[in-house]
Amino acid sequence: MAAASPGSDRHDESIVYAATTHWMKYMPKLLLSLLLGASGILLLAVAWFVKGIPAISLLLFFAGFLFILIAHHRLFHALLSEEMLDIIVTNKRILFFDDCLFFCDDEHEVPLHKVAAVEARQRGILQNILNYGTIWFDTGGGVMDLKRTIPYVHQPDHVAGLIADILDASRS
Amino acid sequence: MLQTALVVTAFLTLFSLGLQAFTFREFRKLTRMRTDLLRHFGGSERRVRFGGKLISMLYLVATIVLSASAFFYSLLLFD
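Protein chains in written order, with our numbering: chain A, 1 to 172; chain B, 1 to 79.
Bound conformation, chain A alone (with noise of 0.2 Å):
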């Protein structure tokens, strides 16, 4: 899941982590593609057991090859807009991308010197049989907002130890 590779820049600063937020992030919309794929096929059979009243029968077989086309497409939008990697951490800030082809393109930055602590959250019993969960930018509001928020971190702690890590030696 990281693909942490070190290197350094003319601007001297760095990749010290990037990797990209943990599978659950699919898991809703899979789950809803699943559902009207589903209701597809049902449509699908359905058109086929009325196959003597062949209005009906092509009514329901557009239907349901239409579900089953909105749940394919659905699927791969999601696939596509979330595969990439979305978290960068560098030596100077951390970079936090929400991305959802078409519908947004959001790029969320936090400087490391503005950040007083990290926290990782896993709340739940998906979040720690599966080891994901919030990461949470202390910059003095002392209010969790979606901004400083990073959401389905894989391993959360080791991300925020890796954080608290860089902190302490940029300010030693």
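Simulated from the structure, these hints should not be mistaken for lab results. Bear in mind the structure is a predicted one, so any value in this text is a computation, not a measurement. Warning: the hint list may mix true and false statements.
[Stated by the list, open to error] Subject to a maximum C-alpha distance of 25 Å in a straight line, what follows is the list of computed BS3-like cross-link-like pairs (lysine-lysine):
no.	chain 1	residue 1	chain 2	residue 2
1	A	K29	A	K51
2	B	K53	B	K29
3	B	K53	A	K29
4	B	K53	A	K25
5	B	K29	A	K29
6	A	K51	B	K53
Go by the hints and put chain B onto chain A.
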């Protein structure tokens, strides 16, 4: 009935392929931006490119299989 079914299936297939082309274009744009950023910071972009290509290929194959299945099913149903 068969003719209507085939025409509408063909239309939906073409629409799907068009939508897919637009999605690929948008995805390529996003990939380019991300790889540029990674390269700027001295990171490796190989993983981004590989994953994207694999999913794009699967997407294309799945669309073709789905459309072909719809054509065969409409033939079975209305012929």
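Outcome of the hint check:
1. Pair hint A/K29 plus A/K51 does not hold up; C-alpha atoms about 33 Å apart against a cutoff of 25 Å.
2. With a C-alpha separation of about 13 Å, the suggested pairing of B/K53 with B/K29 holds against the 25 Å cut-off.
3. With a C-alpha separation of about 21 Å, the suggested pair B/K53 and A/K29 falls inside the 25 Å cut-off, and the hint holds.
4. Pair hint B/K53 plus A/K25 holds up; C-alpha atoms about 20 Å apart against a cutoff of 25 Å.
5. A threshold of 25 Å between alpha carbons decides the hint, and for B/K29 with A/K29 the separation of about 23 Å falls inside it, so the pair holds.
6. With a C-alpha separation of about 41 Å, the suggested pair A/K51 and B/K53 falls outside the 25 Å cut-off, and the hint is violated.
Consistency with the previously given hints fails for numbers 1, 6, ordered from lowest to highest.
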